[in-house]
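Q: Each chain, letter by letter, is given below.
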Amino acid sequence: MKLRVLFVEDDPADMDLALHHLRKAGLEISARRVQNPEDLDRQLENPDFDLALCDFRLPGWNGLDALRQLRGKAPQLPVVMLTGETTEEPVLQGRKLGAADLVHKDRMQLLPAAVENAVQSRRSLEASKEALEASEDRFRNIFDQAPTGIALAGADGALQQVNPAFCRIVGYSAVELLKMRWDHLLAPGSDNPFLTLSAIDEPGPALQADVQFLHRNGMVVDVQWNLCRLRYSQGKPIGHIGQISDITQRKQAEKKLQQYAMILDRSNRDLQDFAYVASHDLQEPLRMVKSYLELLSRRYQGKLDQEADEFIGYAVDGAKRMQNLISGLLAYSRINMPGKAMSLVDSEHCFLTALANLESVVRDSGAAVTHQGLPALTGDPMQLTQLFQNLLANSLKFRSEQAPRVHVTAEREEDGEWRFCVQDNGIGIDAQFHERVFGMFQRLNGPARYAGSGIGLALCQRIVERHGGRIWVESKPEQGAAFCFTLPDHAGPKRRQDLPQADRGGSLTS
Amino acid sequence: MIVEDNPADVRLLRLALREGPARKRLHVATDGMMALEFLARQGPFEDAPVPDLILLDLNLPRRNGCEVLVEMRGQKALRRIPAVVFSNSAAPDDIESAYQAQANCFVTKPSDLDDYFAVVRHIEDFWLTTAHLPNSRAEFLRFPR
Chain A
1 MKLRVLFVED DPADMDLALH HLRKAGLEIS ARRVQNPEDL DRQLENPDFD
51 LALCDFRLPG WNGLDALRQL RGKAPQLPVV MLTGETTEEP VLQGRKLGAA
101 DLVHKDRMQL LPAAVENAVQ SRRSLEASKE ALEASEDRFR NIFDQAPTGI
151 ALAGADGALQ QVNPAFCRIV GYSAVELLKM RWDHLLAPGS DNPFLTLSAI
201 DEPGPALQAD VQFLHRNGMV VDVQWNLCRL RYSQGKPIGH IGQISDITQR
251 KQAEKKLQQY AMILDRSNRD LQDFAYVASH DLQEPLRMVK SYLELLSRRY
301 QGKLDQEADE FIGYAVDGAK RMQNLISGLL AYSRINMPGK AMSLVDSEHC
351 FLTALANLES VVRDSGAAVT HQGLPALTGD PMQLTQLFQN LLANSLKFRS
401 EQAPRVHVTA EREEDGEWRF CVQDNGIGID AQFHERVFGM FQRLNGPARY
451 AGSGIGLALC QRIVERHGGR IWVESKPEQG AAFCFTLPDH AGPKRRQDLP
501 QADRGGSLTS
Chain B
1001 MIVEDNPADV RLLRLALREG PARKRLHVAT DGMMALEFLA RQGPFEDAPV
1051 PDLILLDLNL PRRNGCEVLV EMRGQKALRR IPAVVFSNSA APDDIESAYQ
1101 AQANCFVTKP SDLDDYFAVV RHIEDFWLTT AHLPNSRAEF LRFPR
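Residue numbers (our numbering), protein chains in the order written: chain A, 1 to 510; chain B, 1001 to 1145.
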């Protein structure tokens, strides 16, 4: 590649000598020579040179002045000085003024290396400058195009640089923002994590906070604010970089969701209260109906005609069934009543209590009820007893021709849940009814064949669900049924003897 | 004395009580306010006797059973009259608040007629025969001076 060299030289012979050395070293050179300031000015108007070679000694002029002129007009042009002097002075001055190198005229053989060096270092400087510009450009692009607002701020929180997204979120122009501090943007009453950050004498990591900014139009904007401290290499804090995202919509959605949850919660509670109050208050008039019907039948049985006896009988029977339904409903609505605390209970004890409560039914039916491996776990002892009692009663009620056999087991699942099964040899349930049996007041058999309110299994489901488990039935008609339920074990496996005596289960009356 | 707003219940109670002094000297207040006026011998109850035992329903018009209890227990003259809460409810909350208001005991009205009769007679037997009552006719008769 041809080097374009500008000679500032009064003596053409010196220039030829220089060219001779350069070409001898294999450099291709095109040269131009100036010998006064005016010529130099003219040449530098179109600074198409790779290098200037400047003589120190110029008649009526001065090499150092020429150097000054070169540095002033074309600062990027490397200059190599040629000198005949032997003193150090010009060397130092030349260096000070920015000469790339200095070659003594007696040692011109060193010139090619000096020229090559000067050109090379200029080129690499330019290359790194270009790379720097490109990188700056890239980051400027990211800064400008980022969807999150980015701002640089000084140690006092004064904004120094903001991107368009930042301006968009807060509604101020960049010019306005550069006169503001972080805290000017905060809505009254909002947290100011900037203060927290200022109090920490560490660089990064980012502090994140949901705060409220005041938009220029006066509206409150919910923003997520990431703030981290910048630091000089000397370790002195210089400021902060903050990123903000507009989360107003997210906040609104969250608020709405919270409201829905509250409404749902309230309506659930209302419904529960309603069921409780209704069943509770219905008991009283019903008790009257039932009591007086019984009085009627007791006093006037056989004294009226046969039809009257029959009518009273139906009425008493209806009142009794309604009583069952209402007490079932009451029990059902009581399950989620507050104040029933979960504790560590022995499920075997609950099972045994339930079995004891059903003693007469078991005896009368000649049933064999066995159990195996019932663990201690977290639960409501009264409810677990009721759960066992309802399932056992169910198994005994829906018995087949054979003597009932019921086996209750518990196994620990991989996920730490306990899986209980109450297996019987009763009439079983057709698969199409497996879901329905757990519904309120659902009955698969007429009251003539099996008495019941249709609430027992609904109650079981509610108890299991309150404990965070699931209940289902595995069964085929005529082949018995297995009612299975899971109960999570929050406390982990416990040895039964670790249980406090008081928590070993509840006794259930009614 | 019975504090009960439901005439059917009052009738049932009368039926349940045996022929005897309790049945003859039975006083009925049909709401909480009336019960308090009776006990304080106000208005039409100027000549009302101090009852030996109060059978108190919880769910009453104007002043409920617990309010009557709290009011009674705040007055020196009425503090010691035994009060049995005789309620339709078996709810733990109701039982708790009745005892908090210093009921002497809480009995749920049984829904079965025979049970109901039996319970009323138990109450009658225990409170009016077995137990000593403060400053009552029974005590006076037992320990004449």
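Take the hints with a grain of salt, since some may be wrong.
Using C-beta positions, here's what the derived DEER-type ranges look like [claimed, not checked]: (1) S343/A x E1037/B: 53 to 59 Å; (2) G1043/B x V316/A: 41 to 47 Å; (3) R299/A x P1007/B: 15 to 21 Å; (4) E359/A x P1007/B: 36 to 42 Å; (5) G366/A x R1079/B: 54 to 60 Å; (6) G439/A x D1114/B: 54 to 60 Å; (7) T1130/B x D273/A: 37 to 43 Å; (8) D273/A x P1007/B: 26 to 32 Å; (9) D1114/B x G366/A: 54 to 60 Å; (10) R1079/B x G439/A: 25 to 31 Å; (11) V316/A x T1130/B: 52 to 58 Å; (12) R1079/B x G416/A: 31 to 37 Å; (13) E1037/B x V316/A: 35 to 41 Å.
Which chain B residues stay away from chain A? Per the calculated CB distances, all over 10 Å, these [what the hints assert, rightly or not]: (14) A1008; (15) S1089; (16) L1113.
No wet-lab data here; the hints were simulated from the structure. Don't be surprised by glycine CBs; every beta carbon is placed ideally from N, CA and C.
Q: For S343/A and E1037/B, compare the CB-CB distance with the range 53 to 59 Å and indicate the outcome.
A: Violated: the Cβ-Cβ distance is about 47 Å, outside 53 to 59 Å.
Q: Against the range 54 to 60 Å, how does the distance between the Cβ atoms of G366/A and R1079/B compare: consistent or not?
A: holds (57 Å)
Q: R1079/B and G439/A, beta-carbon distance inside 25 to 31 Å?
A: The hint (25 to 31 Å, Cβ to Cβ) is violated, given that R1079/B and G439/A are roughly 52 Å apart.
Q: Grab the minimum beta-carbon distance between A1008/B and chain A and tell me whether it stays above 10 Å.
A: violated (5 Å)
Q: Go ahead and decide if the range 35 to 41 Å is satisfied by the Cβ distance of E1037/B to V316/A.
A: With a Cβ separation near 39 Å, E1037/B and V316/A satisfy 35 to 41 Å, so the hint holds.
Q: Taking 41 to 47 Å as the hint, is the beta-carbon distance of G1043/B and V316/A inside that range?
A: The hint (41 to 47 Å, Cβ to Cβ) holds, given that G1043/B and V316/A are roughly 43 Å apart.
Q: I want to verify a distance hint. Is the separation of the beta carbons of R1079/B and G416/A within 31 to 37 Å?
A: Violated: the Cβ-Cβ distance is about 56 Å, outside 31 to 37 Å.
Q: Does the hinted range 52 to 58 Å hold for V316/A and T1130/B at CB?
A: 34 Å Cβ-Cβ, so the 52 to 58 Å window is violated.
Q: Examine each Cβ of chain A, and state whether all of them lie more than 10 Å from the Cβ of S1089/B.
A: violated (7 Å)
Q: Is the gap between the beta carbons of T1130/B and D273/A within 37 to 43 Å?
A: Given a distance of about 40 Å, which is inside 37 to 43 Å, the answer is holds.
Q: Using the Cβ atoms, figure out if D273/A sits within 26 to 32 Å of P1007/B.
A: holds (29 Å)
Q: Honestly, do G439/A and D1114/B meet the 54 to 60 Å range at C-beta?
A: violated (34 Å)
Hints 1, 6, 9, 10, 11, 12, 14, 15 and 16, counting from the list given before, are not met by this structure.
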